[in-house]
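Peer 1: Add chain G to chain U, keeping to what the hints say.
Listed here are the chains, written in short residue letters.
Protein chains: 2
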Amino acid sequence: MLNNEITERFKIKHPIIQAPMAGGVTTSELVAEVSNNGGLGMIGAGYMTPIQIRKQIRELKNLISNPFGINLFVPKEIDVTLDNIKVANQLLDRIREKVHLPQKDNNIEIPAFNNMYETFMEQIKVVIEENVPICSFTFGIPPEKVISELKKSDIILMGTATTVREAVENEKAGMDIVIVQGSEAGGHRGSFSNTNNEGLVGSISLIPQVVDNISIPVVAAGGIMDGRGLMAAICLGAKGVQMGTAFLTCMESGAHKVHKDAVINATEEDTVLTRSFSGKLARAITNNFIMSIENNEQLLPDFPVQNKLTQDIRKAAATNSDKEFMSLWSGQSPRLAKQQTVKMLINNIMSQAETIKTNM
Amino acid sequence: MLNNEITERFKIKHPIIQAPMAGGVTTSELVAEVSNNGGLGMIGAGYMTPIQIRKQIRELKNLISNPFGINLFVPKEIDVTLDNIKVANQLLDRIREKVHLPQKDNNIEIPAFNNMYETFMEQIKVVIEENVPICSFTFGIPPEKVISELKKSDIILMGTATTVREAVENEKAGMDIVIVQGSEAGGHRGSFSNTNNEGLVGSISLIPQVVDNISIPVVAAGGIMDGRGLMAAICLGAKGVQMGTAFLTCMESGAHKVHKDAVINATEEDTVLTRSFSGKLARAITNNFIMSIENNEQLLPDFPVQNKLTQDIRKAAATNSDKEFMSLWSGQSPRLAKQQTVKMLINNIMSQAETIKTNM
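Read top to bottom, the protein sequences are chains U and G.
Be aware that the first sequence starts at 1, since it is given in full-length UniProt numbering, and climbs by one per residue.
Be aware that the second sequence starts at 1, since it is given in full-length UniProt numbering, and climbs by one per residue.
In isolation and in its complexed conformation, chain U is listed as follows:
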């Protein structure tokens, strides 16, 4: 069950995908080490320009000959007014004061988001030109035209779903594989439909219900950190796992030292769901930033506008190594996080999985 259509299709040894965490975590060193050790390394390219994407793909091709993948964010129409931005900036100004940044409320402008679709198409162009073998998507399903172009180039496509309905939509759109994100997952929720109850379903419930309703292979994501999680996902009907937090604290990851330490010292009670950093629901370790916005989340503009507005704060906090104002993304299993190399992590997962299999 650990060698299956996923490992065959991806030409990888182990059914382990490193989650494409955006924002500097997926260094070429991290991606290369994952792919070199039998998993699938993924570039988190959601926030990257087409030029940056091409540069990292070429860097990776110099480092490894194994397959790797890339993740892009599917843009959607945004609806934001100057008033929305003013209100959000007023809330954020209280935080700016705490991190010694200049106020913004009298200096409002709507950031340029109208070219998001064009940027996305350029990102797709680079993926095709550079022959990246695997491409995954979050926050939506790309237009038919994009899917058929990628397919013409034999690129394997993975979509993201947080409910059965979203998984079915991914299959219908022609995705080859669907990543099913349980409520345990760290970072942004991949939801893209108007789900009831924000689509927060635990993996032990969500995975089998999805598996029963689609024919394409399922990859389980959310809360999986070791061989126990991998084997559980396989028992539930998934063909592989996508792991974020477990790779985030690895030596090779580009996450800030303060972020890695925060995850390693956290417990399962310390993460919360918040829209404060980006306008989109995400799971992070709670801190001052989240708590100061908490009661006003409904006033924030949507992703990616709020993400843009908080950029100066997050940057300043990172420069000052101030964990109270950084986005400390984490899944619900931080007690299982370790500071170790990717090689050690993957070896530990696979030997634990083998032990479970043997004792079954």
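Check before you lean on any hint, since a few could be wrong.
Identical chains blur together in the list; that is why a pair holds if it fits in one copy or across any two.
[What the hints assert, rightly or not] Okay, derived cross-link-like pairs now, DSSO-like style, lysine-lysine, Cα gap no bigger than 27 Å in a straight line:
| # | residue 1 | residue 2 |
| --- | --- | --- |
| 1 | Lys357 | Lys11 |
| 2 | Lys357 | Lys13 |
| 3 | Lys357 | Lys323 |
| 4 | Lys76 | Lys11 |
| 5 | Lys172 | Lys152 |
| 6 | Lys308 | Lys323 |
| 7 | Lys315 | Lys343 |
| 8 | Lys98 | Lys323 |
| 9 | Lys257 | Lys76 |
| 10 | Lys343 | Lys172 |
Because the hints were derived from the structure by calculation, they are not lab data.
Model, not experiment: these values are computed from the prediction.
Peer 2: Chain G only, in chain U's frame:
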């Protein structure tokens, strides 16, 4: 791994515990059928009087010779004022109107809850006198004196936990086994400490983190409905599973037909967490009752006061088979629920588990 210290200790064939759902679901027929088919049947006695408890235990002893268990609610001090009750009744009066019940707001009284501890001690006395082999607790850990008395009678004790901290407290208090309830679970949350973030952790995260921090056996609860869930729980380090929703829709369960149908027709998106019915956080299929209280949940008195206040409404709704005003408890896996006999359910779970084991 399916025959382990849990099956040995309980003298049962399969590591499957039927959740002690309170409020009439755990008929003697249900409990007996579970125990007769190799699982552990449990009486949900939280709301029962000592006399009712003794009656059902004797009824069960006439039906089966296999072991069965019982669950009790650990009472805690309640702090409620006439004003709290008045406010809650005003909110509930809008609902009473819809179900054609008389208004209550001018007819307030504090229900008698001061004898809760005495009732609990009488329940314990019956459990000891009737030699019930297994006793589990929710909503707290019983006082030391109660634990040592039950242990003197060789009764196996199970506590309930929703976080690592709560599991550790259960172990320290002398519980033999701990039931670990993931965020997927239907009905009331078993939380009893002031957890951050309401202790809503998905099972795939929670189980291994608990297992790493205690030495007593762990039983996984929440979202488990079939052999896939059982095998996943075992991989995560649990020794058995406790299943509620899966037994609720069985032919032998005492749940209202409307409740069973609601679960069978629901999807994973349809359940929400609510305090509206009882004052304690619980997972149910969303309906008019929940939605009408939603924005005022912070005004409601604690469990069990709110539970008492809503009794007339739930009773009237059940009499009228009106699903919009009943408490339709359900976990997050309703797509996996079936109308079947207990025998079929347990056979299906075990044969699916065997298939997974064989193909591993």
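Peer 1: Each of the hints needs a verdict: does it hold here or not?
Peer 2: Hints and how they fare:
1. Lys357 x Lys11: For Lys357 and Lys11, both the intra-copy (23 Å) and inter-copy (26 Å) Cα distances are at most 27 Å.
2. Lys357 x Lys13: This pair counts as both: shortest intra-copy Cα distance 17 Å, inter-copy 22 Å.
3. Lys357 x Lys323: neither (40 Å within a copy, 45 Å between copies)
4. Lys76 x Lys11: Neither. Shortest intra-copy (33 Å) and inter-copy (57 Å) distances fail the 27 Å Cα cut-off.
5. Lys172 x Lys152: within (17 Å within a copy, 61 Å between copies)
6. Lys308 x Lys323: Intra 19 Å, inter 45 Å, cutoff 27 Å: intra-copy only.
7. Lys315 x Lys343: neither (30 Å within a copy, 60 Å between copies)
8. Lys98 x Lys323: Result: close within a single copy only, 13 Å intra versus 51 Å inter.
9. Lys257 x Lys76: neither (33 Å within a copy, 43 Å between copies)
10. Lys343 x Lys172: neither (37 Å within a copy, 37 Å between copies)
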